[in-house]
Amino acid sequence: MTRSAAASIVLYAISALVLVYLILPILIIVPISFSSARFLTFPPPSFSLRWYQQYFANPAWMQATRVTLTVAVLTVLIATPCGVAAAYAISQSKLRIMRVIHMALLLPLVVPIIITAVGIFFVYAKVGLVATMPGLVLANVMLGLPYVVISVLAGLQSFDPAQEMVARSLGMNRLRSFFAVTLPQIKSSVVAGGIFAFISAVDETIVALFISGGQYQPLTKRMFTALRDEIDPTIAAISTLMTAASFMLVLLASARQKKGG
Amino acid sequence: MLTTSVPDPSQKHRRREHGLMLALVSPALLVILALIVLPVGWLAWQSIYHDGFTLENYRRVFTEDVYWRSFALTFEISLAVTGIALLLGYPVAYLANSVPKGWSILILSLVVLPFWTSVLVRAYAWLVLLQRSGVINQLLRNLEWISEPLALVHNTFGTVVATVHILLPFMVLPLYATMQKIPNELMQAGASLGASPSLTFVRVFLPLSLPGVLAGCTMVFVLCLGFYITPELLGGGRTVMVSMLVSRNVELYNQFGAASAVAVVLLLSVLAIFVVVSRFISLDRALGQK
Numbered sequence: 001m002t003r004s005a006a007a008s009i010v011l012y013a014i015s016a017l018v019l020v021y022l023i024l025p026i027l028i029i030v031p032i033s034f035s036s037a038r039f040l041t042f043p044p045p046s047f048s049l050r051w052y053q054q055y056f057a058n059p060a061w062m063q064a065t066r067v068t069l070t071v072a073v074l075t076v077l078i079a080t081p082c083g084v085a086a087a088y089a090i091s092q093s094k095l096r097i098m099r100v101i102h103m104a105l106l107l108p109l110v111v112p113i114i115i116t117a118v119g120i121f122f123v124y125a126k127v128g129l130v131a132t133m134p135g136l137v138l139a140n141v142m143l144g145l146p147y148v149v150i151s152v153l154a155g156l157q158s159f160d161p162a163q164e165m166v167a168r169s170l171g172m173n174r175l176r177s178f179f180a181v182t183l184p185q186i187k188s189s190v191v192a193g194g195i196f197a198f199i200s201a202v203d204e205t206i207v208a209l210f211i212s213g214g215q216y217q218p219l220t221k222r223m224f225t226a227l228r229d230e231i232d233p234t235i236a237a238i239s240t241l242m243t244a245a246s247f248m249l250v251l252l253a254s255a256r257q258k259k260g261g
Numbered sequence: 001m002l003t004t005s006v007p008d009p010s011q012k013h014r015r016r017e018h019g020l021m022l023a024l025v026s027p028a029l030l031v032i033l034a035l036i037v038l039p040v041g042w043l044a045w046q047s048i049y050h051d052g053f054t055l056e057n058y059r060r061v062f063t064e065d066v067y068w069r070s071f072a073l074t075f076e077i078s079l080a081v082t083g084i085a086l087l088l089g090y091p092v093a094y095l096a097n098s099v100p101k102g103w104s105i106l107i108l109s110l111v112v113l114p115f116w117t118s119v120l121v122r123a124y125a126w127l128v129l130l131q132r133s134g135v136i137n138q139l140l141r142n143l144e145w146i147s148e149p150l151a152l153v154h155n156t157f158g159t160v161v162a163t164v165h166i167l168l169p170f171m172v173l174p175l176y177a178t179m180q181k182i183p184n185e186l187m188q189a190g191a192s193l194g195a196s197p198s199l200t201f202v203r204v205f206l207p208l209s210l211p212g213v214l215a216g217c218t219m220v221f222v223l224c225l226g227f228y229i230t231p232e233l234l235g236g237g238r239t240v241m242v243s244m245l246v247s248r249n250v251e252l253y254n255q256f257g258a259a260s261a262v263a264v265v266l267l268l269s270v271l272a273i274f275v276v277v278s279r280f281i282s283l284d285r286a287l288g289q290k
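Chains as they are written, first to last, in my numbering: chain A, 1 to 261; chain F, 1 to 290.
Calculated directly from the structure, the hints in this document are not laboratory data. Computed from a prediction, not measured in an experiment: that's the story for all the values here. One or more of the hints may lead you astray.
Said to hold, decoys possible - Straight line, CA to CA, 30 Å or less: simulated DSSO-like cross-link-like pairs of lysine-lysine:
(1) F/Lys101 to F/Lys181
(2) F/Lys101 to A/Lys187
(3) A/Lys187 to A/Lys94
(4) A/Lys94 to F/Lys101
Starting from the given sequences, assemble the full structure and let the hints guide the process.
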């Protein structure tokens, strides 16, 4: 009895330590972003907003933020309809080749991202897409597609295709019956997939390191360069903002997913 | 008799249906073909063709010291990271599986939370914590446990600490999913037959959780093989993992052939691991846990 009690105390202790290890690094950034000190001192000597001012007043950071947001929005607008159409076809069609296509659409999750990045860089160099906006958007569409496909396929699993048949037998055409019957029922998983594609585009770093440049550098590329060269609490301010924004999006996505569909 | 010339309407309908489905899937497929299949194919081609076929790039990868050491280091780090992630992740998954629902949701959300913070943000956080003037060194000095700051980052140690942090959710989630499916009655049966809790754990629970262990370890190991940002920012230039070899060959030395060959060997290693593991467990499941 005492032995199993001791065992469960050890289990709780280890788990607590692991959870602290997981959470602490994310929490530590917040106080540092509000620090008044130029160099790292913890706890901060006094609090200030200077690093947030530094970020919002710097045209290079602002330009990078605009690029990131533009890329992410365009990525969602392109990847979501493509992913929904593909997921719909994969779930409804009896064609054998759909299995292969399904696997192909998940490739971006399987191939190490550094390999994808270098490969895209070579192809873009040939066709003149390096350091351009369309190049950046296309790459992020590719990387975001699997999230949309996975999410929508999960949503379609609980959808009964017979309902759409009914709508069509009542005279609706295919497109209308999809929008009137199917889409409302899988809406949540479509939104969730789109949010994941958005987050993936905001976070994407490695491909951007290779293919972005000039005025079309996303935030992550500038952050990476800044982290390699000198550490400045401006990064902490940006990190805090990014983390807060992505948590809000995830909460939104999971709230939608929970609502069903 | 004119029977065969009339096309079967149902067959015509089916063909139209197939055409529609292929049309629906084609935009996504086109993006994938153009932006990942073609680029990776290009790499493969470039690794063996430069003004004629050559295996020179592969000869270099397999014989030159720099390459060998980097591959060896990458596999060592990936093994270490996988082992540590399993040791840290198993108790957490076990606890999440054995506590009431509300608690397990809390534990799992804490595990998934870092998942949604940028890898860059976390690299920054670890620099803040681990560097010479960082939080941990300051703390240890204030406690007078050490007199000189410890070298916790810009080396392999820092890389491993931050990499485990990033990959731990990929271990915990498949483990938890597998443990959820182990019926509680089995443990009770073991206990009722007189086995001690530790014996039922070792003989019943542990073997049944092995598919989750395999899925988690595969995900962590494979993802770690291709890690780039963390070793680049926290490795201090000495921990040259394979991904860095690829990027340096492209960015610093313009050795496109060599970079491609390294990338191909890395990709083949990853695919080989997936193929071997998929003989034991369903990979859809391992990937689907994400």
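Run the distance test for A/Lys187 versus A/Lys94: straight-line Cα separation, threshold 30 Å.
Holds, at roughly 24 Å.
For a C-alpha distance cap of 30 Å, please report whether A/Lys94 and F/Lys101 respect it.
Violated, at roughly 39 Å.
Regarding the pair F/Lys101 and A/Lys187, is the alpha-carbon distance no greater than 30 Å?
This hinted pair holds, its Cα atoms lying about 28 Å apart.
Distance restraint between F/Lys101 and F/Lys181, which requires alpha-carbon spacing of 30 Å or less:
15 Å, holds
Comparing the model with each earlier hint shows a violation of hint 4 alone; every other hint is respected.
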